[in-house]
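*Asks:* Generate the whole structure from the sequences, applying the supplied hints.
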Amino acid sequence: MEYNLTQEQALFRDTTRDFLEKETPLAVVRELAAGPVGFDREWWRRGAELGWTSMLVAAARGGDSISGNGIVDMAIVAEEMGRLVSPGPLVPVNVVAMALSEASNAEAHAEVIEQLMAGTAVASWAVYEPDRGWDPGSIALTATRDGGDYVLTGTKDRVDSGDQADYLLVTARLPASGAAAGELAQFLVPATAAGVRVTRDESLDLVRRFATVRFDGARVPAASLVGAPGEGETTAAVARQLQAAVALQCAELAGAAGRVFEFTVQWAFDRYSFGRPLASYQALKHRFADMRLWLEASQATAGAAARAVAAGGPTQAAELTSVAKAYIAERATDLVQDCVQLHGGIGVTWEHDIHLYLRRVTVDRALWGTPAEHRLLLSDILDV
Amino acid sequence: MSDTEDVESFRLRAREWIAANLPRLPEPGNAPDGENRGHVDDAAWLRARELQRLLYDGGFAGICYPREYGGQGLTPAHQKAFTEETAGYEMPLLLNVPTFSICGPVLLELGTEEQKREHLPRVLSGEEVLVQFLSEPRGGSDLAGLTTRAVRDGDVFIVSGAKIWSSGAYAADYATCLVRTDWEAPKHRGLTMLLMKVHQPGVTIRRIKQLDGNEEFCEEFLDDVEVPVANVIGEVNGGWAVASRQLFHERNAVGGGSPYVSGGARAGSARRAAPVSALTELVRRTGQASDPRARELVAESHLLSRVQEQLIDRVVAGMQAQQLPPTAGAVIRLFSGVSSVRRAEISLELAGAGAVTAPAGAGDPAIGVQFLMRQASCLGGGSTEMARNIISERILGMPREFAGDRDIPFSQVRQGR
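Quick note, the sequences are listed as chains V and F, same order. Here the first sequence stands for residues 1 to 384, where the numbers follow the working numbering. Here the second sequence stands for residues 1 to 417, where the numbers follow the working numbering.
The hints are simulated quantities; they were obtained by calculation from the structure and are not laboratory data. Remember, it's a predicted structure, so these values are computed and weren't measured experimentally. Each residue gets a CB set at the ideal place from its N, CA and C atoms; glycine is no exception. Do not rely on the hints blindly, as some may be mistaken.
What the hints assert, rightly or not - What follows is a set of in silico ranges between Cβ atoms, one per label pair, in the way DEER data are often shown:
#1 P292(F) with H352(V): 35 to 41 Å
#2 A353(F) with D166(V): 48 to 54 Å
#3 Q210(F) with L11(V): 50 to 56 Å
#4 T75(F) with P25(V): 42 to 48 Å
#5 E5(F) with T315(V): 48 to 54 Å
#6 T15(V) with P76(F): 51 to 57 Å
#7 G275(V) with L211(F): 39 to 45 Å
*Replies:* Put into structure tokens, the structure is as follows:
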């Protein structure tokens, strides 16, 4: 994290770390992996009490923060969760809570915002569609006006914690004729609504579960709209939601890679070969130096991205989140793989903890825009 | 210290002065890069000195140097603001490295009061240009193993040996010259740093031609050169501490983190590779602007320069907060080298055949040449291999390399061919 955390932020980090170490150490993560749910709801509710769910919520809707910059503070939590490959819907809940609270009709969603902040409800953002990468322009799930309702038809996948979500923020497209023709619109949909079918997917991560959600003519009242379609509110909201997700994800990546680096350095000091520790071999020292560089640069760029999202300028937030994701995601997977190599054969066993981290960074790399997708987004911003 | 002018009012004052006094550059945004000097001639050095005099008289020389030695006594934030305001104007970039950012700070931190008062104001006014006499033909990375000897004779040292890779020595007035004064001490403990007048009997300077035609680097042959004892910087036989501090400044200067570099709003290692606007122009010109691969490469080049800026800010903050050791400059240095290599590769990839052959005035020959010289970014200012040693040993605490010359009299150390 930053070298200049405030005292309050440092305390927040320590409290978070203590809680995670006590409640969901790696042994518990492995147990959850074998179980039916990726995270315990009561654990999540206690996390909400610690502040995990209210910092991206607009102040006018009851949000608060440690430092005045909610996303920077949440990045601290995300990093700690990376360090312990924690379970839980940190990114989806925070992104949805933020989206609801910043929408032009936030008042309509006050109750759900309260529940999300209390940790009694879980929400996730349903935006990806099958066989497509990050491409909001190609969203095909339709929302058709019918009287006082909208009817949703289509499929969303890669819904983070979708199997435990009580609410889904669904990004849909309005029909090609009519009001705000062909524009994006977002809806808050209860997972139990008729016509909504949630199917749990397989996942490389042991506890981060994803779901595919089918909407077969699911009917939702017009009051489910999040913001007003047309005039760019939804397009801007989708971009901002992505930026928030990426900023938190980058912090998680830095945390996971950082922890792997730490225990691998320790391994290099402890493990002897030919009468001297691995850490005394220059070829390996140089690789550790490279990894240390990547970590330092990753922290630098993740921090800058979080600050840019907090500061609110959309172009800078877009640029710096894409810079951060494109850089960190590739370095993090390279780093963890290098550390697998440095461990020798035990690095590819189930028993060793490193694969928990490799799974997390690999999943993070692929979601909320791959490095290549972010480079392309960046090229658009640079007006190439 | 009296109240320091706040950065924004300094910026506005500088902006006014710059507009009224500094010459505009002929082409927009075409600041010559202080590192990539190309063919620099005597006229360029004269111009640099004149511009520096202008800055000195205007009260904008040595922004972070103390006032009592001719500087402005301000902060890195002020210097950064001034540099930003000079974009599009001609600045004496030749003087940044090593004069202002390496040799000057060494004098400032370790020189005697007399040395500082005699030299620093002249340095800041452009009258005195400084150069480094450190590396020797027998070795650059193993700096402390140098063999240029200095023998005390009354109130002078008599110096004989050879130095190499001194950038701009032919145009310099004084050199910070590291010599061996005690051959029976172990290697680090027999060194002395001298401030040597460059153009004097016994100093023969030969320019070295690089593969890109650049002739800024020099080799110096020292034959019984006299240096007054009063020109010792630091202690006799205590030169390694001075050299270490000089290398710290060099790492900062090379990596882009020095507060003493002025101007070159696009210069410095962070932007030495083709800036994104030039790459954008290239891909449009070559019909690649809608090719996703080309777009990705342009974006990657840009993101590396962004990350470098962010890394520099972070490492500087970490060192200031004392959460990183001073040797953390090696982190900046390593990133600079590795990212420069990648960016040269990206530029070459995008330029295609136009980088290797084209009619005169067409194509992108500069990109081809930059690619040829690409390793220089991993060599100058300390190799990236040495940076990795520093990071692994001084930051990660890993065991140091075996050395064949530790703690034995230097006269007994094995030398190669």
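*Asks:* Hint by hint, say whether it matches the structure.
*Replies:* Verification of the hints:
1. P292(F) with H352(V): 35 to 41 Å: With Cβ atoms ~38 Å apart, the hint holds.
2. A353(F) with D166(V): 48 to 54 Å: 59 Å, violated
3. Q210(F) with L11(V): 50 to 56 Å: 54 Å, holds
4. T75(F) with P25(V): 42 to 48 Å: 45 Å, holds
5. E5(F) with T315(V): 48 to 54 Å: 32 Å Cβ-Cβ, so the 48 to 54 Å window is violated.
6. T15(V) with P76(F): 51 to 57 Å: The hint (51 to 57 Å, Cβ to Cβ) is violated, given that T15(V) and P76(F) are roughly 35 Å apart.
7. G275(V) with L211(F): 39 to 45 Å: 44 Å, holds
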